[in-house]
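Starting from the given sequences, assemble the full structure and let the hints guide the process.
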Amino acid sequence: MLWNSSNDVSLSSDGLTMTLPQLVVEYLGSIHKRKPQRPASVPTDIYIASNSKSSAIVNRVKRLMLKENYNTVTIHGLGAMVTRAISIALRAQETLNNQIELKPTTETIALTDDIIPDDMVCGIDYVCVCG
Numbered sequence: 003m004l005w006n007s008s009n010d011v012s013l014s015s016d017g018l019t020m021t022l023p024q025l026v027v028e029y030l031g032s033i034h035k036r037k038p039q040r041p042a043s044v045p046t047d048i049y050i051a052s053n054s055k056s057s058a059i060v061n062r063v064k065r066l067m068l069k070e071n072y073n074t075v076t077i078h079g080l081g082a083m084v085t086r087a088i089s090i091a092l093r094a095q096e097t098l099n100n101q102i103e104l105k106p107t108t109e110t111i112a113l114t115d116d117i118i119p120d121d122m123v124c125g126i127d128y129v130c131v132c133g
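Throughout, this note's numbering is defined as the position within the sequence shown, counted from one, plus 2.
Derived by calculation from the structure, the hints in this document are not laboratory data.
Certain hints may be false.
[Unchecked claim] Computed list of lysine-lysine pairs in BS3-like fashion (alpha-carbon distance at most 27 angstroms, straight line):
no.	residue 1	residue 2
1	105	64
2	105	69
3	55	105
4	37	55
5	69	55
6	55	35
Laid out in C-alpha cells, this is it:
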C-alpha cells in the first residue's frame, strides 16, 4: 500500500488525533516498511546509511576522484540521511582542497509499506483507500 502526505486525514476523538493510515494499520494489523528500491549501482554512486562511517566515505570519494580518475561522484541520502550526505560532501570538498564543485539535487521517490493483518481471516478486503 502506498501512502503519502496528501492521503493523511486527521480524525479527532476524545482529544486523540490519528491519521487515516494509522487507523487502517490499527484496524488491519502491523506495518512492514520495505527497503527503498535502488537503480543498478555504479562505482561512483555512494549510498549513505545510518551506520556508514563518514571518514570511510570521504576516503572513498577521494580515492575515486584522484586515483581512479572519475569526474563525478554521487552521494545519495534518503530521509534523515540527507543532511548527513550534505555534511559528508562538504567534508570531501574540504579534504580535496575545494577542487571539486558540489551540485545538490533533490528528487522524490515512491516508498511502499505492507500491512500485515493480525487476523488472516480479515484479509485485505477491508482496506480503505482515500483520495
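Going down the list of hints, with the structure as the test:
Using a Cα cut-off of 27 angstroms, the hinted pair residue 105 and residue 64 holds, with the two alpha carbons roughly 17 angstroms apart. For the hint pairing residue 105 with residue 69, the CA-to-CA distance comes to about 22 angstroms; that is within 27 angstroms, so the pair holds. Proximity of residue 55 to residue 105 is assessed by CA-CA distance (about 22 angstroms); at most 27 angstroms being required, the pair is judged to hold. For the hint linking residue 37 to residue 55, the alpha-carbon distance of about 20 angstroms falls within 27 angstroms, and the restraint holds.
The hinted pair formed by residue 69 and residue 55 meets the criterion: a straight-line CA distance of about 21 angstroms does not exceed 27 angstroms. For a cut-off of 27 angstroms, the pair hint linking residue 55 to residue 35 stands: about 24 angstroms separates their Cα positions.
The structure fails none of the hints (numbered hints given earlier).
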